[in-house]
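Let chain A serve as the given structure and place chain B on it in line with the hints.
2 protein chains.
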Amino acid sequence: MSAGKHLTKGSAKPALPDDGVPRLYSMRFCPFAHRAHLVLNAKKVPHHSIYINLTEKPEWLVDVSPLLKVPALQLVAEKSKPSLIESLIISEYLDEQHPQPALLPKEPLQRALDKILVERFNAVPGAFMKILSNDVGTDELWTAVDIFEAELAHRTTPYFSGSQPGYVDYMLWPWFERFPVLEYYLKERYSFDKQRFAKISAWIELMLKDPVVQSHFVTPEQHIEYWRTRKAGQTNYDLLA
Amino acid sequence: MSAGKHLTKGSAKPALPDDGVPRLYSMRFCPFAHRAHLVLNAKKVPHHSIYINLTEKPEWLVDVSPLLKVPALQLVAEKSKPSLIESLIISEYLDEQHPQPALLPKEPLQRALDKILVERFNAVPGAFMKILSNDVGTDELWTAVDIFEAELAHRTTPYFSGSQPGYVDYMLWPWFERFPVLEYYLKERYSFDKQRFAKISAWIELMLKDPVVQSHFVTPEQHIEYWRTRKAGQTNYDLLA
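From first to last, the protein sequence lines stand for chains A and B. Numbering-wise, the first sequence is residues 0 to 240 according to numbering that gives the first Met the number 0. Numbering-wise, the second sequence is residues 0 to 240 according to numbering that gives the first Met the number 0.
Worth flagging that the hints you see were computed from the coordinates, not collected in a lab. Watch out, some of these pointers could steer you wrong.
Any copy, or any two copies together, can satisfy a pair, since identical chains are not distinguished.
Only pairs whose alpha carbons sit at most 30 Å apart, straight line, appear in this in silico DSSO-like list of lysine-lysine [what the hints assert, rightly or not]:
#1 Lys68 x Lys198
#2 Lys193 x Lys80
#3 Lys80 x Lys198
#4 Lys78 x Lys12
#5 Lys43 x Lys230
#6 Lys43 x Lys80
Just chain A, same shape as in the assembly:
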């Protein structure tokens, strides 16, 4: 939960107490790692956050995340088990291992439908990166978001997961928190339509007030500054440290 410095090539492996507490290898501005932080914080699971410079990765990262990926959750109490990777697998594991508060529904069909919804959300990260890499417009992004506007209308609840945020809400949130970055780059070509996305707009307002979202929040200005330095080829990972 700290906003620690990102460890880099040549840096020593962090000295952590032998306390059996899981270690999340993360990067402070990575939306996929963001998912794991939200679930850990929603469940109040004690953990150490270890931030990694993804441009110049520390040599020892391979020992704790053999594919050099973040997020990676090292369960130090489980001797000789590899770290967990993949944000959705980590999140589902945490939901099973730490049942309260429940984030995924227990009923198999609704579980499957929630997972399919999160799978369909992949179009949003895809469109997001296209805008930031190729300077294309927002058409593809808004078409992808339409699905979620319709789904909120269909579910008739303030959150995707019901009257409280749950799995779907936290898996989607990291990209919505970063929408101001798109507005910064696209300027007047950024056209978030509050009528077309009336339900999503209300959901964003609610999510911004959620204590779990607030527990790992990065302001629009900070997200923009991260992307400005990244696009300039000099990523400032440590701007919150």
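Here is chain B on its own, set in the frame of chain A:
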């Protein structure tokens, strides 16, 4: 479980009894749909298989699979619920809804590790398609398979899931069943090394004898013929019908 004809553009929606039995929209040679068939058969879940011509899709497919994907599992007993898509989500749903025989472990950490293993397997379908599309060699494929040879050695069981085939085994199997297609196209450049892959070789032999694998088996000659017609631009979907 039938080897029915693939329905195509212009074909009428199949007339099926109002029996509440789930309907699997599939394609007989699709390895992802293959996964869903294996899980349905492992659990002896009664179902109708409806095969779809993926080159000329029937107009009504959108009603049962809005993204026009197969596999899609329509749970007709669940009124007004959309079909399930994504082979892994369908398989996990079936495992939760029909607990016997259990395919995924119940213990959260082992579940997560099995899912990560299946996620890592994505490199195999990737390499497989590269070989068939670009006529590249097998280096990338064998490097991907190394992970699974090592994992079988590490687990010290004949199957990935233990003494019986389970989730990992059935999720991986469809591509191994299709390896003879690679051999057919690469000829002497195909170099499956039975020493390098000693454990995988033994696993393949066991899987070939598994009644569930046999329940949806396509012979090497048939897989090759499917690919020959597909590469010629005249896919013969119905060669088993």
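Going down the list of hints, with the structure as the test:
In the homo-oligomer, the alpha carbons of Lys68 and Lys198 lie at most 30 Å apart only across protomers (28 Å), although the nearest pairing inside one protomer, at 34 Å, exceeds that limit. Taking the shortest Cα distances, Lys193 and Lys80 sit within 30 Å of each other only across copies (28 Å), while inside one copy they are farther apart (47 Å). With identical chains, the CA atoms of Lys80 and Lys198 are at most 30 Å apart between copies only, with a shortest distance of 21 Å across copies and 43 Å within one. Taking the closest pair of Cα atoms, Lys78 and Lys12 come within 30 Å of each other only inside a single copy of the chain (18 Å); across copies the shortest separation is 55 Å, beyond that limit.
In this assembly of identical chains, the alpha carbons of Lys43 and Lys230 never lie at most 30 Å apart, being 35 Å within a copy and 54 Å across copies at closest. Proximity of Lys43 to Lys80 under the C-alpha cut-off of 30 Å is restricted to the intra-copy arrangement: shortest distance 23 Å within a copy versus 34 Å between copies.
Checked against the numbered hints given earlier, the structure breaks only hint 5 and satisfies all the rest.
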